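Undergrad: Okay, here's what each chain looks like letter by letter:
Protein chains: 2
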Amino acid sequence: MTRLLPCLLLLLGTAITPVFAKSSAPSSKYGLVIHGGAGVIARDELTPAREAEYRARLAEALDAGYAVLERGGAALDAVLAAVTILEDSPLFNAGKGSVLNADGICELDASVMEGRTLGAGAVAGVHRIKNPVRLARDVMEKSGHVMMVGDGAEQFARTLDYEMMAPDYFQTDHRRQQLQKAKELEKAKAKKSAALQPEDAYLLRQFKWGTVGCVALDQAGNLAAGTSTGGMTNKKYGRVGDTPIIGAGTYANNATCAVSATGWGEYFIRAGVARDISAQMEYAGRSVAEAARATMAKVGALGGDGGVIALDARGNLAMEFNSPGMYRAHRFTGQARFVAIYAEPATP
Amino acid sequence: MTRLLPCLLLLLGTAITPVFAKSSAPSSKYGLVIHGGAGVIARDELTPAREAEYRARLAEALDAGYAVLERGGAALDAVLAAVTILEDSPLFNAGKGSVLNADGICELDASVMEGRTLGAGAVAGVHRIKNPVRLARDVMEKSGHVMMVGDGAEQFARTLDYEMMAPDYFQTDHRRQQLQKAKELEKAKAKKSAALQPEDAYLLRQFKWGTVGCVALDQAGNLAAGTSTGGMTNKKYGRVGDTPIIGAGTYANNATCAVSATGWGEYFIRAGVARDISAQMEYAGRSVAEAARATMAKVGALGGDGGVIALDARGNLAMEFNSPGMYRAHRFTGQARFVAIYAEPATP
Chain F
1 MTRLLPCLLL LLGTAITPVF AKSSAPSSKY GLVIHGGAGV IARDELTPAR
51 EAEYRARLAE ALDAGYAVLE RGGAALDAVL AAVTILEDSP LFNAGKGSVL
101 NADGICELDA SVMEGRTLGA GAVAGVHRIK NPVRLARDVM EKSGHVMMVG
151 DGAEQFARTL DYEMMAPDYF QTDHRRQQLQ KAKELEKAKA KKSAALQPED
201 AYLLRQFKWG TVGCVALDQA GNLAAGTSTG GMTNKKYGRV GDTPIIGAGT
251 YANNATCAVS ATGWGEYFIR AGVARDISAQ MEYAGRSVAE AARATMAKVG
301 ALGGDGGVIA LDARGNLAME FNSPGMYRAH RFTGQARFVA IYAEPATP
Chain D
1 MTRLLPCLLL LLGTAITPVF AKSSAPSSKY GLVIHGGAGV IARDELTPAR
51 EAEYRARLAE ALDAGYAVLE RGGAALDAVL AAVTILEDSP LFNAGKGSVL
101 NADGICELDA SVMEGRTLGA GAVAGVHRIK NPVRLARDVM EKSGHVMMVG
151 DGAEQFARTL DYEMMAPDYF QTDHRRQQLQ KAKELEKAKA KKSAALQPED
201 AYLLRQFKWG TVGCVALDQA GNLAAGTSTG GMTNKKYGRV GDTPIIGAGT
251 YANNATCAVS ATGWGEYFIR AGVARDISAQ MEYAGRSVAE AARATMAKVG
301 ALGGDGGVIA LDARGNLAME FNSPGMYRAH RFTGQARFVA IYAEPATP
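Chains as they are written, first to last, in the numbering used here: chain F, 1 to 348; chain D, 1 to 348.
It should be emphasised that the hints constitute simulated quantities derived from the structure, not laboratory data. Quantities reported herein were computed from a predicted structural model and do not represent experimental measurements. Treat the hints with care, since some could be wrong.
The list treats identical chains as one, so a pair stands whether inside a single copy or across any two.
What the hints assert, rightly or not - No farther apart than 35 Å at their CA atoms in a straight line, the calculated lysine-lysine pairs in the DSBU-like style are these: (1) Lys29 / Lys181; (2) Lys236 / Lys130; (3) Lys96 / Lys298; (4) Lys189 / Lys29; (5) Lys96 / Lys189; (6) Lys96 / Lys236; (7) Lys29 / Lys187; (8) Lys183 / Lys29; (9) Lys142 / Lys187; (10) Lys298 / Lys183; (11) Lys181 / Lys96; (12) Lys236 / Lys29; (13) Lys236 / Lys142; (14) Lys181 / Lys142; (15) Lys183 / Lys142; (16) Lys183 / Lys130; (17) Lys189 / Lys142; (18) Lys29 / Lys298; (19) Lys187 / Lys130.
Please work from the sequences and hints to get the whole structure.
TA: Right, dumping it as structure tokens:
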């Protein structure tokens with residue numbers, strides 16, 4: 001009978017609870033790091049007005065997450081607060097403003113993980129969920145499962161009375177233009193007449209960028225991570241990248257670190273980016289910064305590009321990327337707010 | 001322009017090629033390990049005739065994979081040869097004979113990975129593909145992507161002229177009975193009148209077991225891994241377990257090991273089982289056996305059960321499980337064929 005219990009618990013949808021990670025001793029330091037995608041955008045292509053918009057939205061998301069932590073809230077609540085703001089902004093490739101797939105619709109992936117319980121949740125290929133990161137959390141907390149894909153994930157959302165958005169809620173003119181350009185290039189390539197114009201550069205570089213994510217450390221010393229994306233412009237065949245893959249795009253473990261990744265998802269899955277950073281801390285005793293650097297070097301050696309944010313339970317952080325820039329920001333107790341886009345440090 | 005090339009290559013579907021893992025020095029030893037699921041089956045519930053069937057099918061798959069290696073074939077080809085035989089057998093929860101989801105259809109997941117290139121491919125939630133492991137390989141080699149889910153993955157298969165099977169090709173009476181029993185139990189639970197009968201034990205224990213997989217080492221010293229499953233009886237909402245998650249159910253890296261897992265997928269994702277074994281070898285210098293044991297202890301501490309097979313580039317292997325048994329077999333140069341089901345070693 002005892003042997004049957006685990007089966008029954010899962011079959012009947014009990015939420016996960018078991019724990020092996022030790023909860024860290026409460027830290028006096030708390031705060032969060034966010035990203036809005038890596039791979040951007042040469043300085044000469046981003047107008048001052050546009051840059052100001054990005055900085056404002058990053059700051060808003062950062063402050064929303066920080067406010068949760070400041071009032072003693074949980075790391076995962078801070079992650080949700082920050083990521084939903086980035087999802088709701090048309091500037092980033094997640095939620096509203098996501099890139100369009102080959103069928104001209106937005107297909108969204110997200111995941112979350114909690115460092116204390118090693119609980120995790122993920123959704124992939126949803127089309128009508130305003131905040132996929134919220135659904136990923138509900139998968140973790142209310143389904144007894146870790147990952148749901150496609151229409152099934154939306155059926156689960158309906159059982160929780162999620163509002164189903166019309167597909168065009170997510171779409172912007174900018175993303176429609178990107179899709180059109182991607183299809184033109186694809187056709188040209190098919191005719192063996194690919195003549196890439198320099199003016200295509202801006203659009204092309206943005207095809208697969210803009211994933212958003214957050215890692216947070218709360219006053220109780222608990223870590224959490226979350227990531228959300230629209231994936232890759234003109235993607236076909238239900239392609240899924242690293243964002244909803246626990247251990248690739250997202251990972252959190254109080255004993256090591258919380259990680260959220262952004263970049264060329266295929267390489268990030270193969271390198272197992274988020275988990276590789278944690279594993280170096282666990283098994284080789286490396287710092288979060290050393291580990292993040294080594295992992296991104298591996299991604300680069302494979303041929304991939306992008307970046308990661310990572311945070312350990314003492315508040316040490318890494319923002320590592322091998323692309324020209326990464327939208328990123330952090331805020332911690334006793335420190336000024338930091339917001340940056342390009343490779344070099346920038347002032348808030 | 002150089003910066004655009006990676007975008008274009010992916011957009012236009014070029015297969016992955018970059019490599020960072022060193023190819024191991026050719027080993028004189030080659031061979032493979034397979035599993036047909038963990039979690040089985042008390043000795044008194046498996047009739048001698050049924051046990052003989054399982055053993056025969058495991059031996060057939062093993063020999064098919066070994067024949068590939070013996071004639072100098074690639075590890076990944078051996079994995080495909082073995083896993084497709086297990087998929088085609090109604091005995092295992094993969095391909096034909098898969099468990100039924102809540103809608104009464106088989107929903108299949110699979111993945112593969114190559115240790116030399118760190119190339120990987122996965123499909124999740126397909127309904128009409130006879131050998132999902134073959135499609136996972138085609139995703140790796142022909143799509144430029146790593147993971148495809150649902151109808152999209154089947155559209156990709158159509159572009160490669162895959163035969164689409166009728167959904168009832170996959171179904172067996174045994175699995176239909178399991179689904180019926182699972183639904184009865186679910187209803188009883190909903191009415192708060194769950195009275196689990198001892199005779200339900202056999203069916204219940206098999207609800208989530210029977211995933212198949214293979215790890216192989218070829219004469220050139222290359223490793224590969226593959227895993228295939230029908231998931232969990234009565235699963236809903238597009239639930240996906242660890243099988244198609246690179247780093248959870250499947251991983252291969254010539255520098256460390258090849259791994260295929262089977263068990264309660266939610267725990268295997270959270271523990272990142274396959275990658276955790278590799279990481280211990282890479283960062284803590286543990287042997288494949290030590291690493292597999294430590295990882296399965298973590299799964300157990302979380303509350304999960306199941307097992308793994310793992311193989312390093314020198315032919316050292318691990319078959320570790322915390323369930324009453326695991327269908328497993330291996331065959332290596334200069335060694336007798338080994339086939340076992342229960343916890344204790346068994347003769348071929």
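Undergrad: Indicate which option fits the pair Lys29, Lys181 if close means a Cα-Cα distance not exceeding 35 Å: within, between, both or neither.
TA: neither (46 Å within a copy, 52 Å between copies)
Undergrad: Are the CA atoms of Lys29 and Lys187 at most 35 Å apart within a copy, between copies, both, or neither?
TA: neither (53 Å within a copy, 48 Å between copies)
Undergrad: Could you place Lys189 and Lys142 in one of the four classes (within, between, both, neither) given a Cα distance threshold of 35 Å?
TA: between (46 Å within a copy, 17 Å between copies)
Undergrad: Taking 35 Å as the upper bound on the Cα-Cα distance, should Lys29 and Lys298 be classified as within, between, both, or neither?
TA: both (31 Å within a copy, 29 Å between copies)
Undergrad: Please work out whether the CA atoms of Lys142 and Lys187 approach to 35 Å or closer within one copy, between two copies, in both situations, or in neither?
TA: Cα proximity of Lys142 and Lys187: across copies only (18 Å, versus 45 Å in one copy).
Undergrad: If the cut is 35 Å between Cα atoms, do Lys183 and Lys29 qualify within a copy, between copies, both or neither?
TA: Answer is neither; intra-copy 48 Å and inter-copy 49 Å both fail.
Undergrad: Please sort Lys96 with Lys298 into within, between, both or neither, judging by C-alpha distance up to 35 Å.
TA: within (32 Å within a copy, 39 Å between copies)
Undergrad: Since the copies are identical, ignore which copy is meant and state whether Lys181 and Lys96 lie within 35 Å (CA to CA) inside a copy, between copies, both or neither.
TA: within (20 Å within a copy, 43 Å between copies)
Undergrad: Within a copy, between copies, both or neither: where do Lys236 and Lys29 come within 35 Å Cα-Cα?
TA: neither (44 Å within a copy, 41 Å between copies)
Undergrad: State whether the alpha carbon distance between Lys181 and Lys142 is at most 35 Å within one copy, between copies, both, or neither.
TA: Between. Shortest inter-copy distance 23 Å satisfies the 35 Å Cα cut-off; intra-copy 41 Å does not.
Undergrad: How would you classify Lys236 and Lys130 at a CA-CA limit of 35 Å: within, between, both, or neither?
TA: both (21 Å within a copy, 22 Å between copies)
Undergrad: Pop the pair Lys96 and Lys189 into one bin, within, between, both or neither, using alpha-carbon distances up to 35 Å.
TA: within (30 Å within a copy, 39 Å between copies)
The structure fails to meet hints 1, 4, 7, 8 and 12 from the earlier list, while all remaining hints are met.
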